[in-house]
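Chemist: Chains as they are written, first to last, in our numbering: chain F, 32 to 462; chain H, 32 to 462.
Keep in mind the hints are simulated off the structure, nothing from the lab. Quick caveat: nothing in here was measured; it's all calculated off a predicted structure. Heads up, some of the hints might be wrong.
Just so you know, same-sequence chains aren't split out, so a pair can sit in one copy or run between any two.
Stated by the list, open to error - Here are the computed lysine-lysine pairs in the DSS-like style, where the Cα-Cα straight-line distance is at most 27 Å: (1) Lys116 / Lys332; (2) Lys93 / Lys459; (3) Lys151 / Lys360; (4) Lys132 / Lys171; (5) Lys132 / Lys225; (6) Lys151 / Lys116; (7) Lys429 / Lys330; (8) Lys116 / Lys225; (9) Lys184 / Lys281.
Protein chains: 2
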Amino acid sequence: MQISANNPTRKSWLPVSEGCDFPIQNIPFGVFLTKDDIITIGTRIGEYVIDLGAFHQLGYFKGIPLTDDMFMQDSLNDFISDGRKTWRLVRNRIADVFDAKNPALRDNAKHKEVIIFDIKDVEMLLPINVGDYTDFYSSKEHATNVGLMFRGKENALMPNWLHVPVGYHGRSSSIVVSGTSIRRPYGQTLPAGKENPIFGPSQKVDMELETAFITTDVNNLGEPVPVDEASEYIFGMVLFNDWSARDIQKWEYVPLGPFMGKNFASTMSPWIVTMDALEPFRCEGPKKEFKPLPYLQQKRKDTSYDIKLQAFLATENGESNLLTETNFKYMYWSMSQQLAHHTVNGCNVRAGDLMGSGTISGPTKGSFGSMLELTWGGKEPLTLKDGSTRTFFNDGDKVILKGYCTKDNVRIGFGNCSGKLLPPIKYKFPI
Amino acid sequence: MQISANNPTRKSWLPVSEGCDFPIQNIPFGVFLTKDDIITIGTRIGEYVIDLGAFHQLGYFKGIPLTDDMFMQDSLNDFISDGRKTWRLVRNRIADVFDAKNPALRDNAKHKEVIIFDIKDVEMLLPINVGDYTDFYSSKEHATNVGLMFRGKENALMPNWLHVPVGYHGRSSSIVVSGTSIRRPYGQTLPAGKENPIFGPSQKVDMELETAFITTDVNNLGEPVPVDEASEYIFGMVLFNDWSARDIQKWEYVPLGPFMGKNFASTMSPWIVTMDALEPFRCEGPKKEFKPLPYLQQKRKDTSYDIKLQAFLATENGESNLLTETNFKYMYWSMSQQLAHHTVNGCNVRAGDLMGSGTISGPTKGSFGSMLELTWGGKEPLTLKDGSTRTFFNDGDKVILKGYCTKDNVRIGFGNCSGKLLPPIKYKFPI
Numbered sequence: 032m033q034i035s036a037n038n039p040t041r042k043s044w045l046p047v048s049e050g051c052d053f054p055i056q057n058i059p060f061g062v063f064l065t066k067d068d069i070i071t072i073g074t075r076i077g078e079y080v081i082d083l084g085a086f087h088q089l090g091y092f093k094g095i096p097l098t099d100d101m102f103m104q105d106s107l108n109d110f111i112s113d114g115r116k117t118w119r120l121v122r123n124r125i126a127d128v129f130d131a132k133n134p135a136l137r138d139n140a141k142h143k144e145v146i147i148f149d150i151k152d153v154e155m156l157l158p159i160n161v162g163d164y165t166d167f168y169s170s171k172e173h174a175t176n177v178g179l180m181f182r183g184k185e186n187a188l189m190p191n192w193l194h195v196p197v198g199y200h201g202r203s204s205s206i207v208v209s210g211t212s213i214r215r216p217y218g219q220t221l222p223a224g225k226e227n228p229i230f231g232p233s234q235k236v237d238m239e240l241e242t243a244f245i246t247t248d249v250n251n252l253g254e255p256v257p258v259d260e261a262s263e264y265i266f267g268m269v270l271f272n273d274w275s276a277r278d279i280q281k282w283e284y285v286p287l288g289p290f291m292g293k294n295f296a297s298t299m300s301p302w303i304v305t306m307d308a309l310e311p312f313r314c315e316g317p318k319k320e321f322k323p324l325p326y327l328q329q330k331r332k333d334t335s336y337d338i339k340l341q342a343f344l345a346t347e348n349g350e351s352n353l354l355t356e357t358n359f360k361y362m363y364w365s366m367s368q369q370l371a372h373h374t375v376n377g378c379n380v381r382a383g384d385l386m387g388s389g390t391i392s393g394p395t396k397g398s399f400g401s402m403l404e405l406t407w408g409g410k411e412p413l414t415l416k417d418g419s420t421r422t423f424f425n426d427g428d429k430v431i432l433k434g435y436c437t438k439d440n441v442r443i444g445f446g447n448c449s450g451k452l453l454p455p456i457k458y459k460f461p462i
Numbered sequence: 032m033q034i035s036a037n038n039p040t041r042k043s044w045l046p047v048s049e050g051c052d053f054p055i056q057n058i059p060f061g062v063f064l065t066k067d068d069i070i071t072i073g074t075r076i077g078e079y080v081i082d083l084g085a086f087h088q089l090g091y092f093k094g095i096p097l098t099d100d101m102f103m104q105d106s107l108n109d110f111i112s113d114g115r116k117t118w119r120l121v122r123n124r125i126a127d128v129f130d131a132k133n134p135a136l137r138d139n140a141k142h143k144e145v146i147i148f149d150i151k152d153v154e155m156l157l158p159i160n161v162g163d164y165t166d167f168y169s170s171k172e173h174a175t176n177v178g179l180m181f182r183g184k185e186n187a188l189m190p191n192w193l194h195v196p197v198g199y200h201g202r203s204s205s206i207v208v209s210g211t212s213i214r215r216p217y218g219q220t221l222p223a224g225k226e227n228p229i230f231g232p233s234q235k236v237d238m239e240l241e242t243a244f245i246t247t248d249v250n251n252l253g254e255p256v257p258v259d260e261a262s263e264y265i266f267g268m269v270l271f272n273d274w275s276a277r278d279i280q281k282w283e284y285v286p287l288g289p290f291m292g293k294n295f296a297s298t299m300s301p302w303i304v305t306m307d308a309l310e311p312f313r314c315e316g317p318k319k320e321f322k323p324l325p326y327l328q329q330k331r332k333d334t335s336y337d338i339k340l341q342a343f344l345a346t347e348n349g350e351s352n353l354l355t356e357t358n359f360k361y362m363y364w365s366m367s368q369q370l371a372h373h374t375v376n377g378c379n380v381r382a383g384d385l386m387g388s389g390t391i392s393g394p395t396k397g398s399f400g401s402m403l404e405l406t407w408g409g410k411e412p413l414t415l416k417d418g419s420t421r422t423f424f425n426d427g428d429k430v431i432l433k434g435y436c437t438k439d440n441v442r443i444g445f446g447n448c449s450g451k452l453l454p455p456i457k458y459k460f461p462i
């Protein structure tokens with residue numbers, strides 16, 4: 032599928048520095064707050080954000096059927112609900128207007144003044160009003176590693192895992208945008224060898240290096256979606272850190288799954304990178320151990336994406352420590368398989384729903400997507416640049432996820448997904 | 032706490048027949064669609080619904096600080112967000128205006144014509160836009176019964192259960208209002224003794240007899256709520272049937288909990304009965320086996336409610352079969368404990384969030400809240416009036432939950448929570 036907005040030779044009249052995640056081939060969507068307290072939908076090129084509300088008002092989307100206030104909103108839900116045809120028309124138009132050769136806006140200083148902002152002058156907000164949030168568990172390496180630690184070798188990968196894209200429902204309310212600090216959560220934990228739980232701040236706050244995809248309105252209640260059509264309903268992807276308190280999780284999770292060990296916070300990156308922008312980076316996923324059931328069999332083979340993923344720990348002295356490097360392509364189940372599975376019982380999926388990949392771990396130790404795995408349950412601490420060690424995160428640690436694709440000298444990235452862990456709050460009531 | 036609207040001697044000028052769930056002491060809140068396609072918020076007395084949008088517009092809420100369009104909305108979320116003081120002012124005012132002795136509206140035929148509708152002339156809609164839906168698992172009898180069947184005697188009640196109000200996140204999108212038919216879901220199941228799963232319609236579609244409570248805005252992310260304050264944030268309760276496909280659930284639920292076995296549908300009753308209306312029916316819950324951790328210890332003892340609950344199966348010939356009779360008071364963990372637990376890690380809870388009780392089972396067989404328990408995993412089928420038997424539900428079966436409290440000749444009820452199970456849809460793609 033040739034999409035002109037992806038042409039690698041295209042340049043913008045806005046400056047884009049080497050290694051920037053946001054060349055004119057990206058055109059992600061986000062929501063931001065200006066210094067004048069105006070909330071609007073925008074896109075980004077280089078170090079500039081583009082107010083699509085003003086862009087639309089000044090006529091640059093002429094000919095594309097859009098409501099007048101489509102971009103003057105505090106979430107992308109309505110735009111996402113409009114569907115793929117609209118997303119493409121809008122993205123292609125933005126690419127055309129910002130093309131180095133197009134003078135229309137380039138040479139209109141007055142318009143540029145109201146449309147273009149320096150990224151430093153705006154505050155990025157959560158780009159969607161998340162309806163339902165589902166988290167999958169689709170990295171075989173991660174599922175195996177956690178299984179080894181929580182349940183031992185015999186029960187590491189459960190018998191259902193190779194048949195079912197296992198997932199569970201998460202908490203939407205506590206999804207926050209990159210840059211939001213997180214409080215170390217309190218909870219019940221069972222000290223090793225004890226019979227009764229204790230209460231206090233979690234001692235094992237962890238990250239989960241994930242991506243997540245955002246859907247449009249997929250189906251009505253009761254109507255499954257075929258796996259080969261599922262990708263039509265996916266708007267784009269973000270980086271996603273599903274913060275986890277391993278000690279709380281371990282005590283609570285049998286039999287109904289993770290709850291309080293997860294729902295205190297999840298961090299998402301502010302720019303939704305569209306599936307159209309990621310199209311050139313399609314690749315094959317891991318070979319399946321056997322054919323899944325027919326409703327999960329995909330016709331095309333390049334159902335994964337080659338997205339490099341990294342996690343960094345920034346200590347309070349400002350030093351940045353690379354914790355892990357992995358890749359989205361290690362995912363055993365594709366996003367289309369996840370979505371087909373999610374709807375096969377008739378469960379309805381709506382615009383603004385978010386589906387996390389689950390922690391993405393690669394095959395080697397340096398590519399694991401959580402501290403739980405990187406330090407093997409805390410037994411093998413990591414040493415940081417400042418000489419200190421970590422099993423899980425300390426108060427004051429900042430966790431930063433990054434992700435990007437490269438091909439033909441084009442780099443499409445997600446920007447940062449970061450969050451700082453603050454000390455537990457002081458309780459005002461007896462605990 | 033004396034709330035005048037609960038005075039048992041009060042009568043309304045609207046007729047209320049013996050045994051009706053909606054006397055003037057109830058005043059529940061719901062959303063309905065009129066024959067003229069107008070969606071509005073209303074309450075109910077006897078067989079009449081009261082359009083609170085029109086009631087407000089005609090000045091009957093004079094003196095109560097409410098926005099003009101507070102009741103001309105398609106969900107109660109904004110009203111619920113206004114908080115307990117407003118709920119009480121509004122409920123008390125409605126009680127006053129519909130009091131038999133008050134002529135203001137009683138004797139105004141023109142106003143009555145635009146405010147009051149026959150229940151038969153309106154269609155009840157989902158009363159809230161559900162944000163996050165959490166389902167607890169707080170009936171000890173249910174947890175024990177399911178544990179016995181799924182995991183055997185040794186692991187029936189997990190070690191965490193008596194310490195933790197166990198819960199998990201459910202699916203908001205597939206919550207439907209009473210009266211909506213449900214499709215039998217497809218899914219993966221593992222036939223007994225086999226190694227590989229098969230795909231097809233679930234053979235074990237079950238009900239879960241639950242109540243659910245609806246919250247206002249409870250807390251900001253990171254700020255726990257003390258257990259003794261939690262009840263201030265609960266707006267009211269509904270009946271809730273958390274449809275479950277036991278065969279799908281059994282194959283998928285380890286280790287992340289129920290997902291596709293549950294998220295195809297949950298049915299809620301249309302009228303939210305306020306906690307103020309339920310106040311006279313407070314009672315003590317079961318004795319705790321030991322003191323829970325301090326954050327779950329409640330000062331007051333009457334933390335439960337004496338709500339009689341029933342489930343009926345209506346066969347296609349129209350006959351109604353009583354399946355079970357149980358009571359909300361059997362719940363081991365109170366709603367306040369559930370909410371305190373849910374926020375203790377800082378998880379934020381918002382207006383319109385829904386918290387299910389989990390299946391409510393009593394101590395005896397006739398009081399179990401699911402077919403799984405009533406037929407002991409299908410081993411002991413129930414015989415219906417028409418001579419047919421059931422282990423789980425057949426296509427065409429209608430499940431009806433009812434719930435009510437009685438005291439001082441006042442009956443406060445929830446109305447019906449019903450749903451009919453339709454045959455599985457015909458797939459348009461290969462499965």
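Chemist: Does each hint fit the structure? Answer for all of them.
Modeler: Verification of the supplied hints:
1. For a Cα distance limit of 27 Å, the shortest separation of Lys116 from Lys332 inside one copy, 24 Å, qualifies, whereas the shortest one across copies, 59 Å, does not.
2. For the identical chains of this complex, Lys93 and Lys459 are neighbours neither inside a copy (56 Å) nor across copies (38 Å), given an alpha-carbon limit of 27 Å.
3. Proximity of Lys151 to Lys360 under the C-alpha cut-off of 27 Å is found in neither arrangement, the shortest distances being 33 Å within a copy and 56 Å between copies.
4. Proximity of Lys132 and Lys171 under a CA criterion of 27 Å is satisfied in neither setting, with 47 Å inside one chain copy and 70 Å between copies.
5. In this homomeric assembly, Lys132 and Lys225 never come within 27 Å of each other (Cα to Cα): the closest approach is 70 Å inside a single copy and 65 Å across copies.
6. Within a single copy, Lys151 and Lys116 get their C-alpha atoms no closer than 32 Å, and across copies no closer than 43 Å, so neither meets the 27 Å cut-off.
7. Proximity of Lys429 and Lys330 under a CA criterion of 27 Å is satisfied in neither setting, with 42 Å inside one chain copy and 40 Å between copies.
8. For the homomeric pair Lys116 and Lys225, neither the shortest alpha-carbon distance inside one copy (58 Å) nor that between copies (45 Å) is at most 27 Å.
9. In this homomeric assembly, Lys184 and Lys281 come within 27 Å of each other (Cα to Cα) both inside a single copy, at 17 Å, and across copies, at 22 Å.
Violated hints, listed in ascending order, are 2, 3, 4, 5, 6, 7 and 8; each of the other numbered hints is respected by the structure.
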